[in-house]
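Asker: As they're listed, the protein sequences go chains V and H.
Reminder that position 54 of the first sequence reads as 54 in my numbering, one-by-one numbering, no gaps.
In my numbering, each number is its position in the second sequence, counted from 1, plus 1000.
Since the hints were made in silico from the structure, they are not lab data.
From a predicted model like this one, the values you see are computed outputs, not experimental measurements.
Any given hint could be a false lead.
SDA-like mimics (lysine to any residue), calculated; alpha carbons at most 25 Å apart, straight line [what the hints assert, rightly or not]: (1) H:Lys1140 to V:Leu90; (2) H:Lys1140 to V:Phe83; (3) H:Lys1213 to H:Ser1026; (4) H:Lys1140 to V:Phe17; (5) H:Lys1140 to V:Arg247; (6) H:Lys1140 to V:Ser18; (7) H:Lys1181 to H:Asn1004; (8) H:Lys1213 to V:Arg247; (9) H:Lys1140 to V:Met91; (10) H:Lys1140 to V:Thr86.
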Amino acid sequence: MRIFLTLTRRELAAFFFSVTGYVIIAAVTLLIGWSFVVLMTNLGSDPSPLPVTELFYRTYFFWLIVLLATPIITMRLFALEKFTGTFETLMTTPVSDWQVVAAKFTAAIIFYTVMWLPMLGCLFIVRHFTDQPGTLDPGMIGGIYLGVFLVGCLFLSLGCFASALTRSQMAAAMISFVLGVSLFALGFLAQALTTTAQWKTQLLSYFGLFDQMNDFAGGVVDTRTLIFYVSLTLLFLFLTLRVVESRRWK
Amino acid sequence: MNDNAMIEVSNLTKRYAGRTAVAGISFTVARGEIVGLLGPNGAGKSTTMRILACYLPATSGTVRVAGFDVFHQSAEVRRRIGYMPENNPLYLEMRVREYLKFRARLKGLGWRRSRERVSTVMEQCGLTDVGRRIIGQLSKGYRQRVGMADALVHDPELIILDEPTIGLDPHQIRTVRQLIKGLAQAHTVLISTHILPEAEMMCNRMLIMYDGKILAADTPENLQRLVAGKSQIIVELAAPAAALRECWSQVPEIEYFDVSASEGEFQRCALTPRDGLDLRPVIFTLALQNGWVLRELTRNRHSLEDIYVQVTQPGEEEEN
Chain V
1 MRIFLTLTRR
11 ELAAFFFSVT
21 GYVIIAAVTL
31 LIGWSFVVLM
41 TNLGSDPSPL
51 PVTELFYRTY
61 FFWLIVLLAT
71 PIITMRLFAL
81 EKFTGTFETL
91 MTTPVSDWQV
101 VAAKFTAAII
111 FYTVMWLPML
121 GCLFIVRHFT
131 DQPGTLDPGM
141 IGGIYLGVFL
151 VGCLFLSLGC
161 FASALTRSQM
171 AAAMISFVLG
181 VSLFALGFLA
191 QALTTTAQWK
201 TQLLSYFGLF
211 DQMNDFAGGV
221 VDTRTLIFYV
231 SLTLLFLFLT
241 LRVVESRRWK
Chain H
1001 MNDNAMIEVS
1011 NLTKRYAGRT
1021 AVAGISFTVA
1031 RGEIVGLLGP
1041 NGAGKSTTMR
1051 ILACYLPATS
1061 GTVRVAGFDV
1071 FHQSAEVRRR
1081 IGYMPENNPL
1091 YLEMRVREYL
1101 KFRARLKGLG
1111 WRRSRERVST
1121 VMEQCGLTDV
1131 GRRIIGQLSK
1141 GYRQRVGMAD
1151 ALVHDPELII
1161 LDEPTIGLDP
1171 HQIRTVRQLI
1181 KGLAQAHTVL
1191 ISTHILPEAE
1201 MMCNRMLIMY
1211 DGKILAADTP
1221 ENLQRLVAGK
1231 SQIIVELAAP
1241 AAALRECWSQ
1251 VPEIEYFDVS
1261 ASEGEFQRCA
1271 LTPRDGLDLR
1281 PVIFTLALQN
1291 GWVLRELTRN
1301 RHSLEDIYVQ
1311 VTQPGEEEEN
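Please work from the sequences and hints to get the whole structure.
Answerer: Next up, the structure:
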C-alpha cells in the first residue's frame, strides 16, 4: 500500500510538473467553455424542457473531450518509461506489477477528474443567473460526475492498455484513440442494424455509451450500466497487467 | 549451495527471437568481491545483468543471487540488489533529493530511514550541493552519480552497475572509479565495461565475455600471466650468430629463439621464455660471462589489452 501511494504520488507529480498536463487542462477548459457558450446561446433562442446537464452531453463537445483527452493523458504512462528506460529501473525495485498498473491508472483518473472541474464552474454560473434552484439539483450533478468518472475509467484503462503495448507515445495515443472511437461507435451501430437478429441489436445496445451518458446526465443511475463500465475497466486493467507481466514469459 | 556465494550462475542461456545473446555461461561471485564483466559491445554483458536484476527471464539455466532464485523469488532478489542499467535512465523532471527519496520508498524503506539513507548516499556520492537541482539540468557526471546513489540507497548486498563510466570525461571517470572502489568493503559489486584499464584498476576479478560466452575468468594479474607466456625478450648483442644460437639452446628457460643480424656486429635475438619467466637477469649474466657487449634488453610486456584483443578475436579462442 505504501509503495502504491508513493508510485501514485510520483505519477501525479509527473502530470502536474509537465507542460503537457497544463496544455490538456487548458484545452479541455476551452472546449468546456465553448460548449457552454453554444449551449446558452441555443437555450436563449429556443427553450428546452430537458435539464441543462443533459443538454450538455448532447453537444458532442463532451465526447470530443473524452475521446481526445484520454489518449493524451494515458499515452505517457508506460510508453515513455519504456522509451527512456526508466521502466527498467522501476521494475527492478521490489514493486509488484499490479502496484505499478494500479498506481498509474489511479494517477490518470485523478488527473482526469481535476480536468473536469471547470465544468462545475459552468453549472454554478447557470444556477447563479437563472433564479431557478430546480435547474440543478445535487442528485443530477452527482449523476453527471459519476457518468464522467465511469466513462473516464473505461477510456483511461483502455489508454493504459494501449500505452503498455508500445514504446512510442504516438503509437499509444493512436491505438487508444482508435479503440475508443470504435467503442463509442458500437452504440450507433445498434441503431443502424435494426433489421438484423434481435440478440445482436441488444448486445450492441449495451455498448451505447452515448445513451447511457444521457441517463447519467438526467440523474438516473442504472445498475446495468454501472456494472458494464466497472467490468470493462477491470478487463482492460487486467489486460494491461498481463502485458506488463509478459516480459517475464518472453 | 555455497553460503559465501553472492551470485551463482549456471548454464545461463538467453535467446531472443533468432539470436542467442548469452550461450550457457556459468560463474560465481563471492561476497565482497568486485567483479568486472568485460567484453565488446554486444557480447551479452547487459543481458546477463538484466537477468541478474530480474528484469528479463532466462531462456534456460539457473541464476541465484544471495541464495534466491531470480525467477521464482524475484522480489527477495530485487530487495537485495542495487541495479543501475545502461545509459542510467532517470526521471529528468524530478529534483535530486526528491528522486532519491522516491526510490528509497519504492525499495521499501520507511519514512525516517529513507531520509537518513538519502542524506548518507548523497554525501557518499558528492551530491549534497545539488540536492535541490532538477535532474534534467545536471551534467552527465552528476547524473551518473545520481544513478549510483539510487543503486546504493537501500544499502543492498549486491550492486550491479552496467557501464557506469560510459560517456564521462576523464575527471568524472576518476571520481566514479573511486566511488566504486570505496564500495568494496561492504558490498559485492558487479560492473560491466568494455574499457579494459578500468576493469584492471577496479576489479578483483574479471570475466571476459565474447559472443555470449565467457572466455576467461581470473584476477587481472593471473590473466596477465596467462599471456606473459607469449611475451618476448628482445636482446641485441655484439657476438657471432652461431655462438648466440649455441648459447640460447642451452638455456632451459628459453622455449624459442630467433637470431637475426642487426647493424654492424650486433645480432638481434627474440627469445620466448617458458611459463612467462623473466629471462633478463639470466641474459645479463650470460653476456657478462662471454664478454659480449649488450646494447638492448627489453621485455615486450603484454598488457591486458593484448589478452582482451587475443581472447575476443573471433576464431582464436581455442589457441588460448
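Asker: A separate judgement is required for each hint: does it hold in the structure or not?
Answerer: Against the structure, the hints:
no.: 1; hint: H:Lys1140 to V:Leu90; verdict: holds, 21 Å
no.: 2; hint: H:Lys1140 to V:Phe83; verdict: holds, 19 Å
no.: 3; hint: H:Lys1213 to H:Ser1026; verdict: holds, 9 Å
no.: 4; hint: H:Lys1140 to V:Phe17; verdict: holds, 22 Å
no.: 5; hint: H:Lys1140 to V:Arg247; verdict: violated, 30 Å
no.: 6; hint: H:Lys1140 to V:Ser18; verdict: holds, 22 Å
no.: 7; hint: H:Lys1181 to H:Asn1004; verdict: holds, 21 Å
no.: 8; hint: H:Lys1213 to V:Arg247; verdict: holds, 24 Å
no.: 9; hint: H:Lys1140 to V:Met91; verdict: holds, 23 Å
no.: 10; hint: H:Lys1140 to V:Thr86; verdict: holds, 16 Å
Hint 5 from the earlier list is the only one contradicted by this structure; the remaining hints agree with it.
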